[in-house]
Amino acid sequence: MRYSSFLPALAVFGLAACSAAFAQAPGYSNLGRTPSKEEIQAWNQSIGPQGKELPPGSGTAKQGEEIFASKCAACHGANGEGSQLAPRLVGGRGPLNTPTPSRTLANYWPFATTIWDYINRAMPPKQEGSLSGSDIYALTAFILYRNDIIPEGQVLDAASLPKVKMPNRDGFIPDRLEDIHSLRARGCNAGHCP
Amino acid sequence: MSSKRSLRRQFLKNGAALAGFAAGAISSGSTTLFAADTPSAGAKDLHAYGERSRFENDVRIGSLALWPIVPGSRRDYGFRSPLQDSIGIITPAPLHFIISHGHEPPDIDPREHGVMIHGMVDRTLIFSLDEIKRLPSVSRLHFLECHGNSAAAGITGEPRKVPSATVQDTHGLTSCSVWTGVPLSLLLGQVGVQKGASWIVAEGAETGKHTKSIPLEKAMDDCLVAYGQNGEALRPEQGYPLRLLVPGWQGINNVKWLRRIYVVDQPYMAMMESTKYPSARLDGKSRWFESEMGPKSVITRPSGGQQLSAHGFYEITGLAWSGGGAIRRVEVSVDGGRSWKDAQLQQPIAPKAHTRFGLSWTWNGEEVMLESRCTDDQGHVQPTLAELTKFWGVDADYFRLPPTTADMGNFNAIQPWKVSRDGSVSNALF
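In the order they appear, the protein sequences are chains A and B. Convert by adding 42 to the 1-based position in the first sequence; the result is the number in our numbering. Convert by adding 150 to the 1-based position in the second sequence; the result is the number in our numbering.
Bound conformation, chain A alone:
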């Protein structure tokens, strides 16, 4: 279905007839090296909303609480309330239909997978990549539990994390991910979208 919505775009650039050519032998020989499976895995850090790339492992809020206290609280505050050094991770809930909406993780972020992905690639600063998959599931569970988004006992893993619905998931235009790519279809015009 997504493919068919993309086809008109290909036609615009005169590529529809060449889509088969994508699969042909490349035009420039002996360029590029095939990486090993391990190399691909080591580099592939992107976690999408479906969570297809999430690694094995699991964690709960209780496990996360301890890791948070030792690795995150110094900057984000003992209860995730934030400090001069780092943004608030817990709280900040409130209406968004004001000129000064609160864009905190709990109030604004649309996908729980983004929390996992971001902690994995960027936190804690200077020790990025030091946390295990289970550590990150546990930290994500701790943050979500403290924000009343999941119950205390919930186990987060590759199957359950993508199913967590964030409070502001429906707060974006366009709503459906399939509808984002075409600025024209969305009615965007000269740099402004409705």
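One thing to keep in mind: the hints can contain errors.
What the hints assert, rightly or not - Under the rule of at most 16 Å between Cα atoms (straight-line distance), these lysine to aspartate or glutamate pairs were calculated in the EDC-like manner:
id	chain 1	residue 1	chain 2	residue 2
1	B	LYS435	A	ASP212
2	B	LYS435	A	ASP217
3	B	LYS568	B	ASP485
4	A	LYS168	B	ASP257
5	A	LYS205	A	GLU95
6	A	LYS79	B	ASP272
Rather than coming from a laboratory, the hints here were simulated on the basis of the structure.
Please arrange chain B on chain A, whose structure you already have, making use of the hints.
Frame of chain A; chain B shown alone:
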């Protein structure tokens, strides 16, 4: 802060004076003096690698203050380009604006760098920099612009609102270069994009590994994997040795220190694109992936903080650009938008690139309001502030709010500069 601010003003004044807009009282004519004996250059040997004259000292300025900031204060996210001293359309690489979301450039050895393309492809491949340079290259003129450039709301809106704002404060988060590299479509052709793919996810190699989802349609259209900027290798703060160029789209797309392209079937909702860059509407909904930057222009001389030294002839000059295509027309008003005159456009005029305009003008000492507005080759015209606020359903007071989290990007309203009777020029957006 205030002392830093005044240091910075002092600096800008000196810069303005050097640019030919002498500070101080209006004089009736030229008072230039020539040194009786021109000394030869300083002790430093510049034959191997050149430097600018010691008299040229315009610099990038952080969005919060002069760099480096005091330890413990807020991190500076944006470093603005000194457009008030810009000449022509090319931004020298060392003055190109920088936003790296607080991350410092990694120190990458180019012999060990490459880009991996994987995901929904027939052949996962890593291209070394050397291999990318073996491919047929293209060079293109393109501007880059932060989606928050010239925006009046949000953290970056603070310095742009005050009457003393310079064009560096108001519009310094855009720059223009000749970028050299290979079309991304060529690399995607090498790996063979599979049916069903509709997005790519591009990732950088810096700490934090900035990630951005880009529609495959755009990736196949005009994106570049660039290693050159203005005739030399990219500067480290611009992504050395390899960056993505997504012409005409919000700066955040142009992933620096590019190391990975993942071909997928939906946007991946990375942190910046899904939580920081959407712009909030007053009804509580947010627009995300606005992507294209609209038509915008700004007068760079005379502009905020400068001083007209004498009555008489001036060329009003500035820059115009549009993410939608090439600039077709720039009009200038000297009466606050009541009447408009066509400015002259300098060649070259390239799509999605800065275009330099100029209009001859004689200042007779009256207070005047200088404005420019551009039209691109799609026929889109740069809006007034009133048109923009109406479109967004806010009033101008919205932008007077203290630094809010409700930043509306892609702000491209017409920029007015007020020339007072004493020749001083100030920001008159509000």
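Each hint tested on the structure:
Annotation: proposed proximity of B/LYS435 to A/ASP212 holds, straight-line Cα distance about 8 Å (limit 16 Å). The suggested pairing of B/LYS435 with A/ASP217 holds, with an alpha-carbon distance near 10 Å, which does not exceed 16 Å. Between B/LYS568 and B/ASP485 the alpha-carbon distance is near 10 Å, which keeps this suggested pair within the 16 Å criterion. With a C-alpha separation of about 15 Å, the suggested pair A/LYS168 and B/ASP257 falls inside the 16 Å cut-off, and the hint holds.
The straight-line distance between the Cα atoms of A/LYS205 and A/GLU95 is roughly 14 Å, inside the 16 Å bound, and the hint therefore holds. Distance hint between A/LYS79 and B/ASP272 is fulfilled; the C-alpha atoms sit about 15 Å from each other, no more than 16 Å.
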